Structures are given as C-alpha cells and as structure tokens.
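Asker: Listed in order, the protein sequences are those of chains A and B. So that you can map any letter, position 137 of the first sequence is 137 in the working numbering, and since no number is skipped, the others follow by simple counting. Position in the second sequence (first residue = 1) + 1000 = the working numbering.
Don't take each hint at face value.
Stated by the list, open to error - The following label-pair restraints were derived from C-beta to C-beta distances:
no., chain 1, residue 1, chain 2, residue 2, range
1, B, 1085, A, 187, 37 to 45 Å
2, B, 1208, A, 175, 33 to 41 Å
3, A, 256, B, 1134, 25 to 33 Å
4, A, 81, B, 1035, 27 to 35 Å
5, A, 104, B, 1153, 56 to 64 Å
6, B, 1196, A, 178, 29 to 37 Å
7, A, 165, B, 1035, 38 to 46 Å
8, B, 1287, A, 117, 56 to 64 Å
9, B, 1200, A, 104, 52 to 60 Å
10, A, 59, B, 1284, 46 to 54 Å
11, B, 1035, A, 202, 30 to 38 Å
12, B, 1075, A, 81, 41 to 49 Å
13, A, 222, B, 1253, 28 to 36 Å
As the list claims (entries may be wrong) - Pairs of lysine to aspartate or glutamate residues, derived as DMTMM-like cross-links and limited to a Cα-Cα distance of at most 20 Å, are as follows:
no., chain 1, residue 1, chain 2, residue 2
14, A, 95, A, 42
15, B, 1150, B, 1172
16, A, 95, B, 1197
17, B, 1074, A, 60
18, B, 1049, A, 261
19, A, 95, B, 1172
20, B, 1049, A, 259
Honestly, the hints are just simulated from the structure, not real lab data. None of these values were measured; they are calculated from a predicted model. Positions of the beta carbon are idealized from the N, C-alpha and C atoms, including for glycine.
The lines below spell out each chain.
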Amino acid sequence: MQAVHAVPPQPDSLPVLEERAEILRHEAVNGEYRLMQVAAPDQAQRARAGQFFHLLCPQDDALKPFFRRPMSIYAIDAQGGRISFLYKVTGTGTKALAKLGIGERLDMLGPLGIGFSLPPDEAPGRKTPIVILARGVGLATLAPLVGLARGAGHDVTAILSARSPDLLMSVEETRAAGAQAITITDSQGNSDTGHVAALLDDLHAKGRMGALYTCGSNRLLKLAQEHAARHGLFGEVAMEQQMACGLGMCFCCVRAFREGDATVHRRVCCEGPVFPLEEALGW
Amino acid sequence: MVDLTVDIGSLRLANPVMPASGTFAHELAQVFDVDRLGALVIKTVTADKRIGNPTPRVAEVPGGMLNSIGIPCKGPEHFLAETVPLYRAFNAPLVASISANTPDEFAKLCEMVSVPGVSAIEVNISCPNIEDDGRAFAMRPEPTLAVMRKLRAASDLPLWAKLTPNAGEIQEVAQAAEAGGADALVVANTILAMSIDITTRKPSLGKVMGGLSGPAVKPIILRMAYQCARSVTIPVIGCGGIMNAEDAIEYMLAGCSAVQVGTATFIHPSAMLDVIAGIEAWCAQNGVARVSDIVGDLAEAGDEGARNWGADMVTEKPKAGKAGAINWEGVA
Ligand SMILES: Cc1cc2nc3c(=O)[nH]c(=O)nc-3n(C[C@H](O)[C@H](O)[C@H](O)COP(=O)(O)OP(=O)(O)OC[C@H]3O[C@@H](n4cnc5c(N)ncnc54)[C@H](O)[C@@H]3O)c2cc1C
Ligand SMILES: Cc1cc2nc3c(=O)[nH]c(=O)nc-3n(C[C@H](O)[C@H](O)[C@H](O)COP(=O)(O)O)c2cc1C
Ligand code: FES
C-alpha cells in the first residue's frame, strides 16, 4: 500500500510538489537529534523559512507509520537545490526516518504552510532588531529565520535554550550568520522563566529587541507574549499540531487563537505554522 | 482508448474516481489539476455553525486511521457565498455534501444548497438524528425512508445517499434510501472505532470514539457495497480503503459504478490520479473498451468444484490432476 507510487509530472506552476528526494547526509548531531540533508532542487527553489515538509517515513516489518510526519525546514540551499531537516527521534515515524541511509530516497510533500515574515522598519530606513527565543526542537524551525533576517539587514539575537549544554545546537551556525547567540540550559540553571525574562528586559533596554519570535515551548510562548504586549512589539510564533493531510483539507490540525473577543480554530498546516504572536492561545 | 465515462443517474462523470467528503478541498489544486477527477465532493456542510471536536482529532491504527473531526462548519450562508463561487474556477462537477440534526432541518438545507454550480448533493445520512435519540438516520430503514422523502421533495438535483457501515442490515437501509428517492448510494462512511494509548491510558482521540478508514476497512465496506448493489437498481458509489487502482477495480466488479477515495489522499495527495491511470491501464490490458462494462461483472465464485472446500471434501478426496485444481496427493 505504501510501495511504489508513480509521482505524476508536476507543472512548474504548482506550488506544492511531491518528490522522492535523495538523501545526501544523515547523521546524529547529539544523543537525541539527527540532521538530514536531501537533494530536492524544485522544492528548495520554493521553500521559505518557517515552512515545512510532510515526510513519508518508510515502513518496514517493525515500524509502520501510516501518516506523513511534518518537519520544519532547518536549512535551505536554493542554489545547491538542498534542504536540511533537524529532527528528534521520538516515536514510530521518526524512528523509521532515522533508518534511512545516504543515497536512499525520501518522499517529501511541500513546501507547505506560511513561513515567517519580517517586521516593518522601526523608523524610516532603520531595520527593526529581532530576538529569537528557541527551545529544544523549536530551534529547527527558527534556525532559517536567522539567515533570512540577517540577509534583510536585521540585527539578530538568538536565545537558545536546552536541557543541557550537549543538547544545544546551531550555536556556531548562528554566530557565523552574524547573529548573537545566548545559550541557556536547565542543567546550568539559567533557563527558567525568571532568567529569560531578565534577558529579554535587558535586550529591550539596549534597543536590541524590536520584534520577538518563538517556537517549541508553551512557557516561552507566554513569556514572549507578555514582553511583546508590554513593549508593543511585532511577534510571531511557530506552532505544532498533529497532521494528516498537511494541506488544509482534513481539519485535524487545529489550535485555538484569539480573534478580537472570540476564540477561533485555525489549521496549523495552512493558516500557519507561523502565526501572529499575540493571537496564539498556547496549549 | 478506454472510455472512462460513467453515469451516476442523470449525471455523467468523465471518469469514475472522485474524492470522499471531508478528505478533499480546493487546496489539493496546489498539488495537481483537480479537473482531472470525475467529480469534486466537498466536506459536509451542516445547517448550524460548528467548531468541531476536541483534539487529537486523528490517530493512526494498523492499516488505517481514526478520525473525530466533528464537521467544523461555517454554516450554509458561508457555503453559498464563498464555497460555491470558489469552485466556479473548476470544470469538474461539484458535489455538495450536507447533513443536519433533524429531517426538517436537513430538507431546508437541501433546498438551500440546490443552486447553480452544484451538480449533485450527497446527503450524509450517517450523521446523528436528534429526534431519534441521536442515532444516525441510516442506522435503520424507517428513518432513512422518512428523511429521504423530505430531501427528495426539497430538491431537483441528483441526491446521493451516503450510508453508514454501522447499520446492521445495510441492504434494507439501501432499499429504503432508493424508495425514498435517492438517485445513487455512497457506500460507505467510516466504521465507529476507538484506540487507547496504553502508556498514558488515554483514548487516542479527544472525543474517545471516531471513524475508522483506510485499507483496514476495505474488505468490510467492499462486502457492503456488493450487498447494496445487489439490493437496489440505482448506482452505488464505493468508498472505503481504496488506496490504488486494484482496490477501485474490486469495487467496480462488486457492482459499484464509481468510487470515492479518502484516506489515500493523505498519504499520496495525487493518489486519485494514480487510481484513474491504473483503471485505464487495466481496462486496456484486459480488452475492456468502456469502464462501465466492468460494473458488477463479477465471475461466478468457486472453481467449478475442482477446489471444493465444502463439507463433502472432508469425506471425499477430490481427484488430483484436474485443470486448475490443487494437488491433493499426500494431503490426506
Ligand atoms: C509544522 C511542524 C514542524 C515540525 N518540525 C519539526 C522539526 O523540525 N524537528 C522535529 O524534531 N520535530 C518537528 N516537528 C514535530 C514532529 O512532527 C514530530 O516529532 C513527529 O511527527 C513525531 O512523529 P513520531 O512518529 O516519531 O512520534 P509518534 O508520537 O509516534 O507520533 C504519533 C502521531 O503523532 C504525531 N505527532 C507526535 N508529536 C508531534 C508533534 N510535536 N507535532 C506534530 N505532530 C506530532 C505524529 O506526526 C504522528 O501522527 C514539527 C511538527 C510540526 C507540526
Ligand atoms: C478526516 C476525515 C474526515 C471526514 N469527513 C467526512 C465528512 O465530513 N462527511 C462525510 O460524509 N464523510 C467524511 N469522512 C468519511 C469519508 O468520506 C469516507 O467515507 C471514509 O473515510 C472511507 O473512505 P477511505 O477509507 O477512502 O478514507 C471523513 C473521513 C476522514 C478520514
Ligand atoms: S493537516 Fe489536514 S487540515 Fe491541517
């Protein structure tokens, strides 16, 4: 049932493609995360930071993931036609994914969803400095925003939070892209809400926080919302929810959002995964 | 060239493959040209506005999925003002799917959605009737007949009655739907089911129970489609677990004039195109000029006594060496 599927010819005009991309790199980054790079020229051309791909994880005798699995774009190399994913091995689908070897093919649907947008200028001709607040796997989603914002001339500070220092990722890459990276971890005892709040206040006082982006933690979402509301900042959050179609058709991926006085459901796959920070209700 | 057209009552479809309600929307046009489908059946619209069920709304189970989406709906006004105009961009016939809480509400909605741009109405009578203790209309023949009569009186468009596989005697429900004025049957909706995560001890779905779909249901729904097709004179549209052309051909041989594909689209968004191409190739290989010729063209069961699994087999050892027979030497 999952076996051979003849992907039909897809005209250039179609925004979403189903491709069988060749795996170029696939390795463990630390005890929990894996990095996978694939060759997908047409998809890389279309991909934007904050969007995701819906991956068909392979089935074998032991693991039979049925649905596709949503995975953020960790890095886009449009010229080289490459896309990278950074993922945590958690359950059936990601375990199956982890078994794929270099040279094997991965069926990917995408790019999907609405990616990040950059804030309007702070003053005429002055780019708004942005702060990225990433915890755990949220980093995978936020990482390409660093390059996007730096490329557009924004000052970027990334606060990278993890359980322990060995689980911190992308610190060098962030710095290499010309952003400041601040690392905080649970084991060092500097990742709690109080510390993060103090960091944000400090960045704001120094004029380095004109917009705020977050993903990966409900706790950080609340904190980011408080700070953004207090200082009147532009902000965005990338959300997760279980998905079936990934295209907006099945309505399984909804989360609650504030719309004026009303609470509404929005589909993470097509109305997100990136949403206005102030409208998200958390989970 | 194989003629792929099929007639569902007065409505001619370019091919027998269409999406199942709730698994398709205009967003699929981002992946392929949906005008290549036989029809465009869209998500059920309800008479009232609904926000849908709590999450998780889907779960994987071996060979399929559970869903309890709960039909979130912006109401019929939104359907008429936004959805119908949106589908003018497509040429494939639009099939609206509707459901309501009572027969009268259902009939009123049916009349409302009978507008230009809608080619047929799929009446989802698998939904709960609050005037019958919340039992789905199509659980029993009497409420099916009653609601179909009201729906028939409310619209001149072709009406496709979508049955529930949770009914005990689906043939009787099928006959009641025909007697009530249905132009076709869709067999069937999802099978009521559940699953539990033994680590958390929580039901997998936020609503506890939901509908099973995908490959796991195919043998059951195929049997029901076969039974229905033999019990009515109107066309039957098969729907349940179709993942590829072989599955679709099985349904057509069982007596279905057309098929709907749901869950498969979630795995391969262009699965329906593969089904169409596969049916065409199979027909060409088998010398079938018109796909409608295979509808119900089931060969007689059994192998003319050669492979007799009946009671007499126990006492009478069949002779070996007969064409197509199993070699029984050494079996007994
Ligand atoms: C838009 C989006 C982007 C994501 N990007 C990344 C990423 O870059 N790196 C990464 O490691 N993870 C990411 N995730 C989470 C990732 O999709 C899940 O970890 C993965 O689906 C788990 O599948 P599994 O089979 O291993 O786990 P299981 O627990 O066995 O999965 C069971 C079911 O639940 C779903 N599910 C479980 N956890 C999640 C989750 N957190 N979000 C959505 N569905 C879930 C699965 O897809 C599957 O349908 C993202 C999720 C979304 C929605
Ligand atoms: C996510 C999901 C949503 C569905 N929504 C509807 C619906 O709104 N109305 C309806 O009549 N059937 C609905 N169905 C049932 C399908 O139309 C179809 O009858 C069923 O899934 C069996 O087909 P399949 O095995 O090909 O998916 C839904 C099914 C799924 C999986
Ligand atoms: S996953 Fe189907 S609507 Fe979002």
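Asker: Run the structure past the numbered hints and jot down the numbers of the failing ones, going up.
Answerer: 1, 2, 6, 7, 9, 10, 11, 13, 14, 17, 19
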